[in-house]
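Peer 1: Line by line, the protein sequences give chains Z, V and S. If you're matching positions, the first sequence starts at 1 in my numbering and goes up one per residue. If you're matching positions, the second sequence starts at 317 in my numbering and goes up one per residue. If you're matching positions, the third sequence starts at 605 in my numbering and goes up one per residue.
Everything labelled a hint here was simulated from the structure, so no lab data went into it. Think of the CB as a built atom: it goes at the ideal place given N, C-alpha and C, for glycine as much as any other residue. A couple of the hints might just be wrong.
Across the chosen pairs, the derived CB separations fall in these ranges [said to hold, decoys possible]:
(1) Thr493/V <-> Ser619/S: 17 to 25 Å
(2) Ile621/S <-> Leu297/Z: 48 to 56 Å
(3) Val275/Z <-> Phe389/V: 33 to 41 Å
(4) Gly375/V <-> Asp139/Z: 35 to 43 Å
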Amino acid sequence: MPKFDKRAGDILVWALLLSAPFWLPTVGSYVELGTRVVIYALAAMALNFLLGYTGVLSFGHAAYFGLGAYGTALTMKYVYPSTPVGMLAGIVLGTVAAALIGPMIARLRGVYFAMCTIAFGQVFYFIAFQWFSLTGGDDGVSAWHRAPLDFGFATLDILNNNKAFYYFVVAIFALCAAAMAFLLRSPFGRTLLAIRENERRARFLGIPVDWHIWMSWVVSCFFVSVAGTLFALMNDFVDPRALRWDQSGNFVIMAVLGGMRSFWGPLIGSAIFLVLQDYISSETENWMSFIGLFFVLVVLFFPRGVLGIIRRKAAS
Amino acid sequence: MTQLVLFNVFNGLIIGAFYALMALGLSLILNLSGVINFAHGGFLAMGGYLAYSLIPYVGFWGALLVSPILVAFIGIVIERVLIRRLYGRDPLYSLLLTFGLAFMIEDGTRFIWGAQSLPYQIPSWLSQPLSYQYFFLTGYRVFMVLLVTAAVGGLFLILNYTRLGIRIRAGTLDLETVGVLGVNVRVLRNLNFGLGIYLAGLAGVLASGMLGLQPNLGDNLIMPSFIAIIVGGLGSLPGTLVGGILIGVVSGVTTVFLPSASEAVMYVMMAAVLIVRPRGLFGEEGRF
Amino acid sequence: MSLLQVQNVSKHFGSLIAVNNVSMNVEAGELRAIIGPNGAGKTTFFNLITGFFSPTSGRIVFDGHDISNLLPARRVWLGMARTFQVTEVFPELSVRENLRISVEVASGLRLRAWLSHTDDDKIRSRVSELIDMGSLGGKADRQVGELSHGDQRATEIMMALALNPRLLLLDEPTAGMGDQETYDITQLISRLHKNGKLTIVLIEHDMRVVFHLADRIMVLDQGKFLAEGTPPEIAANKAVQTAYLGQAA
Chain Z
1 MPKFDKRAGD
11 ILVWALLLSA
21 PFWLPTVGSY
31 VELGTRVVIY
41 ALAAMALNFL
51 LGYTGVLSFG
61 HAAYFGLGAY
71 GTALTMKYVY
81 PSTPVGMLAG
91 IVLGTVAAAL
101 IGPMIARLRG
111 VYFAMCTIAF
121 GQVFYFIAFQ
131 WFSLTGGDDG
141 VSAWHRAPLD
151 FGFATLDILN
161 NNKAFYYFVV
171 AIFALCAAAM
181 AFLLRSPFGR
191 TLLAIRENER
201 RARFLGIPVD
211 WHIWMSWVVS
221 CFFVSVAGTL
231 FALMNDFVDP
241 RALRWDQSGN
251 FVIMAVLGGM
261 RSFWGPLIGS
271 AIFLVLQDYI
281 SSETENWMSF
291 IGLFFVLVVL
301 FFPRGVLGII
311 RRKAAS
Chain V
317 MTQLVLFNVF
327 NGLIIGAFYA
337 LMALGLSLIL
347 NLSGVINFAH
357 GGFLAMGGYL
367 AYSLIPYVGF
377 WGALLVSPIL
387 VAFIGIVIER
397 VLIRRLYGRD
407 PLYSLLLTFG
417 LAFMIEDGTR
427 FIWGAQSLPY
437 QIPSWLSQPL
447 SYQYFFLTGY
457 RVFMVLLVTA
467 AVGGLFLILN
477 YTRLGIRIRA
487 GTLDLETVGV
497 LGVNVRVLRN
507 LNFGLGIYLA
517 GLAGVLASGM
527 LGLQPNLGDN
537 LIMPSFIAII
547 VGGLGSLPGT
557 LVGGILIGVV
567 SGVTTVFLPS
577 ASEAVMYVMM
587 AAVLIVRPRG
597 LFGEEGRF
Chain S
605 MSLLQVQNVS
615 KHFGSLIAVN
625 NVSMNVEAGE
635 LRAIIGPNGA
645 GKTTFFNLIT
655 GFFSPTSGRI
665 VFDGHDISNL
675 LPARRVWLGM
685 ARTFQVTEVF
695 PELSVRENLR
705 ISVEVASGLR
715 LRAWLSHTDD
725 DKIRSRVSEL
735 IDMGSLGGKA
745 DRQVGELSHG
755 DQRATEIMMA
765 LALNPRLLLL
775 DEPTAGMGDQ
785 ETYDITQLIS
795 RLHKNGKLTI
805 VLIEHDMRVV
815 FHLADRIMVL
825 DQGKFLAEGT
835 PPEIAANKAV
845 QTAYLGQAA
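Please model the entire structure based on the sequences and the hints provided.
Peer 2: Here it is, written out as structure tokens:
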């Protein structure tokens, strides 16, 4: 894609994101949906770091998303009701877990890798479910809420003001997106592309492939746990469903739907998917079937995703 | 104490047999076609629910016979129409597809049969304990072990003594050559898929008798199947069998000493295998 | 001491003996060709040298180090680079990007999250240098996967060169090429050998290429060492003729 179009695309995205609370109501939507889209977009983009850019099939990302969420919720409920502290706890929990699990799977590839990520994802779901005394089991962690941010000279009331919370989320998203973009454009990022394109050649250039996959994994899980902390804050609640296999599937479908090979693809995928899910679940009880059908249709007819199709058209 | 241990070991064997039955179906499909059938749990549930609906017409034994065949047939159709298109592509897509199918099947069963648990009637003579000393040896449990043994035995016979079975085994090792030798690979994959789903359906009917029916019946059993394959070894059917039984028994024994850890211990086994011998107990080198 | 010493190396695959007790010494600056009829075990031999797998028996010593069981990436770091029979590049990236990755890794920058201007400039100029050396000028920004076979091979060779290797191993570099492309690649290899004073070992079937480029030739047949010598010596060798042409020769 020509440089100019990329710039224009970036500007368009930020313009839409920054002005969302103002135009969302006019199209019959609401700010909370925008917040949700941005949070899921962050998760899907984090996943895409691994999936689209390193070529690694992770289907268990909900685990680290959920760990981020639970870390935040439990910290704010039982330890110290401060948003930054809660977020930090969640991020540390998710990232450390990922760093420890990484070495066990970094040697694996393809469907086997995917199987193991699913299985490990399920471990945490199972723990959240069973460890009733800590996590409240199926009932989740409730009776807590996000705390306003006190900057000393001003307070951002993200608790009561939906718009303020939205901008808070967008700010975090911006930081994370910038960091990911930065990494992807660096020499390290290029080694990940190399691994995706041709692992054998990467190995025979002297790249320690397993190590780099582990690093990409940790980076990806770091950002997905950030998304998890925001998720907990948004709902003032977390339950095991945040960790379930279907949540992992959602992240993947968002990345695929928007276009795995482009940076903003997952954001677009998140928007389309959540709007669709929102609409369908308000129309019918059996929204799960339709979501499943949606998965099937995307895989069969839109494997390259929205941005992939646009790129194709632009190239021809 | 010994009674307790025996009870739990036997229980573990039964559960392990289940895991093995389901994992074998999953493994068959994975080995030949490289597809992780995430909808496997859904097919299992389907097996149970269809049997439930069939009982009033054909009775317990009729349902046991017919339901897995029906489910296998549905599986064959799904493979033909949907999954077949994705074989040449990145495994990502077939996994996403089966994810979507899992959603649809789970919700579909909820839609047709409702979300509450349904009781599954087994013939009363089967639910009697066979001995008062070993009270846990109910007829049904023994029946299940026998049936699973028969199914696994049948699978073994098919794979070693029928043309289809031999072709499946050859295809698992080298599908390209098998195709070049004149075997219709598409049909082979299709039938193999059906065979795998048959096992899932059968496991479903048996599970319903023991656990009752609910829409997420498959959910709980699919993870242990994954672990059975990982522990037993990728690419190896005997490995999957051993893996399933092993995790069942270990889980059962753990229940005696640390009940809350009985499910967690399966994941510990998985982690141990991945650290020490990533290809699994009987797995082939280079399968991944 | 020779740069590369392969000492009595064998490779068994179950009961199949692909390489049977073969030895080879390559001096620094030499261009050695390995030839032999199909199935002679040439590529397996290469794979042993480059670390694709370990020998069943025997040793491989490179630049004084025993590398017999070292991983491929480690051998790259010791100064060995290779190309493959089927070109292995990064197909959806451009030539420039392919080379850039190679240069960055070779410069020890593979873990860097950012580059200073100076580093960036150095890398760019090195990449341009490689592009010119490989005569890839007009096509540098096209996807490698879309280029002709010859250009893909040239890209692969330049990627290997980007690693500043002491030893370059080329597996059938002209495989599947027409006359013009074969000529171009042969010229490229010749240039690299003379200008860089590189040590090169290559597997080839095209005898024109072999006799044009090689300082010494080694012949393998059915996994066993058959002969070694200068091109004239090999051309005159009866056993080699028999192996290639059969008893009727």
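Peer 1: Now tell me, hint by hint, if it's right for this structure.
Peer 2: Quick rundown of the hints versus the structure:
The supplied range of 17 to 25 Å is met by threonine 493/V and serine 619/S, whose beta-carbon atoms lie about 19 Å from each other. Checked against the given bound of 48 to 56 Å, the beta carbons of isoleucine 621/S and leucine 297/Z, roughly 53 Å apart, stay inside it. The hint said 33 to 41 Å for the Cβ distance between valine 275/Z and phenylalanine 389/V, and at roughly 37 Å that hint holds. Under the hint 35 to 43 Å, the C-beta atoms of glycine 375/V and aspartate 139/Z, about 42 Å apart, fit the expected range.
Every hint from the earlier list agrees with this structure, and none is contradicted.
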